[in-house]
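> Two chains, two frames, a set of hints: combine them into the complex.
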Amino acid sequence: MSTTEVDPATTNSPEAAMASRARFAALVQRQGAFAIFVLVMVVASFSFDSFLSRGNLTGIAVQASFLAMLALGMTFVIMTGGIDLSVGSVFALGGVLAAWGSQHGTLVAFALPLGVCGFIGLVQGLVIARGGLPPFIVTLAGLLFARGLLLLLTDEGAKTYKVPAGSAFRKLAQNDLLGIPYPVLLVVLFFAIGALVLHRTSYGASVLAIGGQEDAAELMGLPVARTKVLTYVASALLAGFGGIMIASYTSSGVTILGVGLELEAIAAVVLGGTLLTGGAGTILGSLIGVLLLQVIKNVINQVGSLDSDWQAVVSGTILLGVVTLQRWLTRAERT
Amino acid sequence: MTATTTTTPARGTGDPVLETVGVTKTFGGVHALRGVDFQLAPGEIHALVGENGAGKSTLIKVLTGVYTPDAGEVRYAGETRHFRGPSDAQDVGISTIYQEVNLVPLLSVARNIFLGREPRNRFGLIDVRSMNQQARELMRELTIDLDVTKELGRLGLGAQQMVALARAMSVESRVVIMDEPTSSLEAKEVTTLFTVARRLRDRGVGLVFVSHRLDELWELCDRVTILRDGRWVHTGSLAEMSRLELVSSMLGRDVEEVASEGATEFGESHRRGEEPAMVVSGIEVRNRLHGIDLTVRPGEVVGLAGLLGSGRSETVKAIYGAMHTDGGEVTVSGKKVRPNSVRGALRAGIALLSEDRKAEGIIPDLSVRDNIALAVLPRMSRGGVVSESKIDALVETFMRRLQIKASSPQQKVRELSGGNQQKVLIARWLCTEPTVFLLDEPTRGIDVGAKSEVQALIDELAQQGLAVVLISSEMDELVEGADRIVVLHDGSARSELDSSNLSSSELLRALAGDRAGDDTTDSATDSATDSATDSATPSEGEAS
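As you go down the protein sequences, you meet chains Z and B in turn. Per our numbering, the first sequence starts with residue 1, numbered consecutively. Per our numbering, the second sequence starts with residue 1, numbered consecutively.
What the hints contain is simulated information worked out from the structure, not anything from laboratory work. Treat the hints loosely; a few may be bogus.
[Said to hold, decoys possible] Straight-line distance between alpha carbons at most 20 Å, and here's what the computed DMTMM-like set of lysine to aspartate or glutamate pairs gives: (1) B/Lys61 / Z/Glu218; (2) B/Lys61 / Z/Asp215; (3) B/Lys61 / Z/Glu214.
Model, not experiment: these values are computed from the prediction.
If we strip away everything but chain B, and leave its shape as in the complex, we get (with noise of 0.2 Å):
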């Protein structure tokens, strides 16, 4: 894209009071971060974005004295600093408010806010009514009517995040650090938030803003930064920039780039069976998950599709039964499955291949066998005994069939590359013979040629007849990869592609959250507008 040059808004002017020159961070030979520029103003909200992995907690933990950068440097008010810690950038006044919020729950709000510079009296000791009423003075200033003697852990989680803003305040911090304040807030709450965040800026200080959901962007911040892949993108007022450049931007795709047909190895879309594999209605999950539904056919491939914090993966994690929801329900081949029982789930033949396959799925000192084994020893075993020249069938049947490389089936899995991990984990799920599998960014963090293989396979498992749901951050895979895409917005589907609109320009148009008639798009994007214009627009199979 084209507007990656600094424009001059109307906030955001003056020197910097925190910027970062040319940071660079690697962990374990990955850079996270590569000669970095981020400029914050005093009297801005300048908000930061990227997708996972871009690098945006790793610049957040370098500003806040977390990590200490490898390469470049960071400077406060215009001088260079070399923070040891959290509290050397505490002290010179940088606060921090993360998505969890980081007080006391047991202690009261005046304590939280006074925590380590309490007020004290002629004999040293904390006093406590003047600690009480500065809190309440506090409290005033910022308009929120709360009871500072009240324990924390009492207050809703937007009043504790309003808490950790006074406190930011009572050090007289001149930057705040706001890294997914809303994530786990009510739209009212969100609101009061903002109103605060506002305040502070008003009063000069600089506030840095990370969010997942895009609106909250334009409705409170000045400016910009983007990260994409630990690399500074743009930086640039908001108010010029329409949602579909901001998340072109971030995923680094341009809206008018052709997809380059073939970039997987996905074949053609597959034969669908007519009678619905899984049904998935009305999932719920608070804060998280408004109503989801979901529906697969047998053979088909469905994608889910959306920006980080969108919801995709504890989608699937509901279903699967490993997240508990708060509605809904789920039938597999018209039969109910019992609500948030993983057991349940599996019984019902649905699979899940989780996100994180160190963490969640292979046990790296087993054998290819023993790891494939897992998953079908209660069903082979007959009155506890297991039956190991079944098994041995098993695993070389599947071994085979999804050409899994090892030496042997006593091959440790550590030894094995993570393309063939991920198909062992996938072996074991197909042990189960499930009816629908779902798949959560299963080409992850595996090498190319891993990964049309894996491809390949998903690909196969569809033509004969197993139902999938795919998630994935990669554009060509969905679009390539599945007969449809659901696409979430903020825990709902917000639109749908079908074979009549499956494109990856659609599918980024879908991913911003344009709709028809939306005003984001102003003058500055109409080119990029136009070239889409001519298919339809997704809010035709939007979900409301």
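So that you can see chain Z by itself, here it is in the shape it has in the complex (with noise of 0.2 Å):
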């Protein structure tokens, strides 16, 4: 049977040239993030001797570990083309309500605050996808409305609710396995469903879908709607579940919590290469630019003499410097 030939963008040599550019484009995509990260680590772990002590590398990662939920849930929602602002208010409202709950038993510290967590972002989810209204705003209305629950909740942020001595809610964060901290342990293992989830199931499939081309996703007979709703659904979830653990952690419902949290978790996806405009990235990725921020952190405070105020300039720029860098290598790669 005679072949017919199709034009790859890999025919001649200028195209070639071109492709090879844009596999250079794609793997600074998805581990430049990875590269600056480990010169970090190299940099740090030279610069203070007890940066890679066993206390300080734990201390990163139960650090990390709450950020990281919200930024599981952020990287779906950015791949379907959204954004979720309202991750930050769902976290702290999701501690306080498991604060609160655990006086009445872990599992109500449990169900009422993913409960109410779940339910806000149903209705952000069904908002966005059956209204049609922008992410942006939506998303925005529930930071203020969890924001002002909370506040409600707790006179203004006067009260703190304490989770009670001995209560088994404690454990959920304060204990470890084979001197691995559960947070950690559930971050790893969250990350590795959500990973299987976005590749391996045809909702996985459909987040891509839309995110790459929602005109298309829908033409070709795709749950838009269904997925998006689902989508809004899992971070608000997963962002209370994070509350649920620095309840945990800290054995109280802190009220301060989550400001602007929502803007580092979408700093921490955008690193780790998944694109703003949807429809790429990794999950493992996010990861990384989660631990990114936090060993920056880290490496700041190290540094006495500078103030802890450095730490958004720094990432600030650090995120600045990625995003143009993918911003330029993809327009070299699609042009």
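Have a look at this one:
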């Protein structure tokens, strides 16, 4: 049987050069954050003796685990081409509800925050997917709503609910398995599931298709609205679960947490190589993005003379650098 | 024309796999389709042709479930169907391939083929290996050599169309609708696409093919259905039809029909200056325009004719700097115009009245005065301060000169008739004192009275020495209004008519792309050919 010739973009030499540049672009896109992460780790381990100590590394991992939960949900949201600004507030609300709920038993400490946060996600998802409103506005409303609800529950933040001493709920974030704290194990587990869902389920395929070309996904008969709703629900649930973890970790419902955390989550996802326009990215990349942000914080803390406000300055600069590079490379790739 | 009966071709027999019966669709009182009957047989490639507004895309949207018909019905495999959306049509086996590939560029080829129907393993997870394997087999079956794990966006457009076809095959479609699939493809990619399309046909799939490239119809299609003004005009075998017949049927003009003289307000030919006002040479736009040359002298109206998709609007947009060009140059009064810059074109004295005055020109909520003044604000202001009285004077002059019917200069433009809106726009451009005026369909969508006023105005402007390029889909307007007509074909200027052979029938032949010695005219069209042989054939002025 004769084979029909098809021209992929790699037949003649200038196009072949473009293809190799495209491969390089894809590599930077996917591994750029990882390269910077490794670089920062190496520099830090030479600069500070205590950096590679078990205690410090465990600390970084645990600190990162809360943001990681938000970033996981955010990865899916951004891959559909959306954004979820509500997760910082939902995270804090989840924490307060978990701390309050723990006074009525461990089951309540889980069920109450997940129920409330899941509901917020459901409403946001329905308004975005069925109502066709822009995610930015809808989740901004969600941010204000969740934060307001939290302030109402805590007398404008004056009241802090404590997790009762001896409650089994404390074990969630305070115990460890073979020296690895539970939150870190949970993050690994959740990210593994996340990767499986994205790459090996039809839901994941829909997520990528919607972010890549929503009209096309619609015309191919994919369940666009349902996928979006599910994604916002998952994002809110993960944020709520992050809140549950932090309530367990701090043994209380801290009301001032989570302000601006949604932006850190977005930063981590973008650093990890997920395109803000949706359609492409990896789950592992987001995890590396989270770790990179956390390591930068840790390093700046170790430099005693530096004000901790430098954390944000450095993170912001790196984010801008990575995004500019991404943009430049994808443009090189697509022309 | 006479050949409006359905013939019995070799292909296209058998019970139709997809048909419409008396389908009517209106939008806001305007009929897009009126009782259209269309039949697609299994194992045929059926061309669907018509000019702008003929109803092609509406019919396709009815067939693919995007629109629900107001009256009439869609039948698939003999059964009446009520599609509620594109996925309904897809589920029964109607796939559509659009001009712009509707796949997901960031996903792999295999992913795109199986999106929504991925093979699963026993855990219910997507079985990537088996998916890739099946995709490879499908590609082999279509004899397309392609790495199925490659990201779709990295493939050429032609290859992407191939993937869309493969997807259509994998859902075992019995109908594939191809809506202008070739418009952005290279010649080689078109060949491959056709090979695959024929292979599908040979497997008994019915294909609908829409293209503005007439050559492709005869190359690929078995039968043709022609629509005009939302009505069915003709269905028949392409082999038995000449290009001239097809085009005259599309345009609704008979070759033998003599143009009704005086149907327009255009007067006799104009006095022309000798030095060209504008010289356009070798304008290139990738995949759209191929080396367009055009010369306009002061006081001359040059018509730009061509069928839909021939590149008329693109040509004037490229001249005006509003469409990116890949080569060629424009000079006005001997001076080179900065390419790809609207500001450069404006400064050189080029004005463009665009085809779509609603989207690209008029600001409905501003007054007549403000709409006219927009163009001159930069010129009339001194240090940022605008002289109100000067503007008033200018606006008044133009309103009188163009006979703009408005209660006052303060009246909002939205309240004016289409013809007067068009005059406001023309006035705006005249304020810039252009040397060359490009008019893209200046009389479309305005009533008859206003039409003749606009035509008279164009005439008058030319007599005053303006160089005019006139695009029109109306043959009378071109034949009577222009001193010369350049006929575009697939983005190149194929022929030119001047005073020696400027007539409707010559224009029709030129539009059809008939050439002297061309064998596409067979015995069936002899009578039509005879009537036109007394005048020179358009190929004389042909630009190769």
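> Just to be careful, I want the Cα atoms of B/Lys61 and Z/Asp215 compared with a cutoff of 20 Å; is the pair within it?
holds (15 Å)
> Is the hinted pair B/Lys61 and Z/Glu218 satisfied, with a Cα-Cα distance of at most 20 Å?
With a Cα-Cα distance of about 15 Å, the restraint between B/Lys61 and Z/Glu218 holds, given a limit of 20 Å.
> Is B/Lys61 close enough to Z/Glu214, meaning Cα to Cα at most 20 Å?
At roughly 19 Å apart (the allowed maximum being 20 Å), Z/Glu214 and B/Lys61 satisfy the hint.
In summary, the structure agrees with every hint in the numbered list given earlier.
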